[in-house]
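Asks: Number 721 marks the last residue of the sequence shown (the numbering used here); no jumps.
What the hints contain is simulated information worked out from the structure, not anything from laboratory work.
Careful: at least some of the hints might be erroneous.
With beta-carbon atoms standing in for the labels, derived distance ranges [stated by the list, open to error]:
| # | residue 1 | residue 2 | range |
| --- | --- | --- | --- |
| 1 | Lys-571 | Cys-614 | 46 to 56 Å |
| 2 | Glu-626 | Arg-577 | 37 to 47 Å |
| 3 | Glu-664 | Lys-635 | 18 to 28 Å |
| 4 | Ser-591 | Ser-625 | 28 to 38 Å |
| 5 | Gly-568 | Lys-635 | 53 to 63 Å |
| 6 | Gly-642 | Lys-571 | 54 to 64 Å |
Straight-line distance between alpha carbons at most 27 Å, and here's what the computed BS3-like set of lysine-lysine pairs gives [said to hold, decoys possible]:
| # | residue 1 | residue 2 |
| --- | --- | --- |
| 7 | Lys-573 | Lys-537 |
| 8 | Lys-571 | Lys-554 |
| 9 | Lys-554 | Lys-573 |
| 10 | Lys-537 | Lys-554 |
| 11 | Lys-571 | Lys-607 |
| 12 | Lys-582 | Lys-571 |
| 13 | Lys-710 | Lys-672 |
| 14 | Lys-598 | Lys-571 |
All values reported here derive from a predicted model rather than from experimental measurement.
Even glycine gets a Cβ: it sits at the ideal position worked out from N, Cα and C.
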Amino acid sequence: MLKLVVLFLFLTTFATSEKVCCKALTAQCLSCAAGKSVEDYCRQHPAAIGCPKQKACCRAYNLKCLSCASGVSEVEFCRKNPGHQVCPKPEPRVCCRALTAECMACSEGVDVEKYCKSNPNTAGCQRPRICCEALTAQCLSCASGETIDSYCSKNPQTPGCPQPENRICCMAMTASCLACAQGVAVEDYCLKNPETVGCNSSH
519 MLKLVVLFLF
529 LTTFATSEKV
539 CCKALTAQCL
549 SCAAGKSVED
559 YCRQHPAAIG
569 CPKQKACCRA
579 YNLKCLSCAS
589 GVSEVEFCRK
599 NPGHQVCPKP
609 EPRVCCRALT
619 AECMACSEGV
629 DVEKYCKSNP
639 NTAGCQRPRI
649 CCEALTAQCL
659 SCASGETIDS
669 YCSKNPQTPG
679 CPQPENRICC
689 MAMTASCLAC
699 AQGVAVEDYC
709 LKNPETVGCN
719 SSH
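Taking the hints into account, I'd like the entire structure generated from these sequences.
Replies: Given below as structure tokens:
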């Protein structure tokens with residue numbers, strides 16, 4: 519009795535694990551029966567019903583046929599095969615003939631910046647500014663890319679900036695003395711400070 523039960527379980531398991539395939543003569547059914555994927559079956563039997571049709575390409579030696587045979591577009595074919603004789607030739611580059619960065623870069627087919635990195639002494643290449651390193655007006659103005667006058671107007675106490683001449687002014691609280699101390703004309707001082715002693719007599 520026990521042997522019959524074991525045999526029944528074995529047969530039941532085998533029957534349920536067996537793959538059930540359709541019976542039509544199509545790629546799906548035939549690949550199932552062969553225990554393969556549809557893709558693998560079609561690779562071996564491309565003419566089977568249900569397999570994707572292979573693209574028919576012309577056989578001439580031209581861009582259309584060669585790109586079709588490669589399974590890519592004409593543009594993609596030429597991108598992958600630059601200089602191929604079936605691909606259109608690029609327009610000839612017309613460059614100036616002067617020995618300048620712009621002309622030389624054009625003739626080499628690179629941009630000016632890239633050309634100047636390799637040939638920094640070529641006319642037209644912007645040369646890096648080489649500045650001294652002292653903390654003087656000359657060095658600091660060079661490093662900031664401005665003139666000494668411009669730099670000194672913002673930083674007048676920097677060594678090397680022109681300093682105003684030492685003025686000897688009187689010490690009285692009069693228009694002439696106070697104007698001298700501020701380095702302005704008496705008239706300009708009195709316009710801003712009309713009540714100062716000496717302003718009334720100056721007009």
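Asks: State for each hint whether it applies.
Replies: Tested hints:
Taken as a hint, the range 46 to 56 Å holds for the pair Lys-571 and Cys-614, whose Cβ atoms sit roughly 55 Å apart. Checking the proposed 37 to 47 Å range against Glu-626 and Arg-577 shows it holds: the Cβ atoms sit about 40 Å from each other. At about 26 Å, the beta-carbon gap between Glu-664 and Lys-635 stays in the expected band of 18 to 28 Å. Range check, Ser-591 to Ser-625: Cβ separation about 32 Å, and the 28 to 38 Å hint holds.
As the Cβ distance of Gly-568 to Lys-635 is approximately 59 Å, the hint placing it in 53 to 63 Å holds. Taking the beta carbon of each, Gly-642 and Lys-571 are about 59 Å apart, inside 54 to 64 Å as hinted. Simply put, Lys-573 and Lys-537 have alpha-carbon atoms about 33 Å apart, too far for the 27 Å limit, and the pair is violated. With a CA separation close to 19 Å, the supplied pair Lys-571 and Lys-554 stays within the 27 Å bound.
Between Lys-554 and Lys-573 the CA atoms are separated by roughly 24 Å; this keeps the pair inside 27 Å, and the hint holds. Distance hint between Lys-537 and Lys-554 is fulfilled; the C-alpha atoms sit about 12 Å from each other, no more than 27 Å. For the suggested pair Lys-571 and Lys-607, the alpha carbons sit about 34 Å apart, so the restraint of at most 27 Å is broken. Between the alpha carbons of Lys-582 and Lys-571 the distance comes to roughly 19 Å, so the proposed pair stays at or under 27 Å and holds.
With a CA separation close to 25 Å, the supplied pair Lys-710 and Lys-672 stays within the 27 Å bound. As the CA atoms of Lys-598 and Lys-571 are separated by approximately 26 Å, the hinted pair is consistent with the 27 Å bound.
Hint compliance for this structure: hints 7, 11 are not met, and every other hint is.
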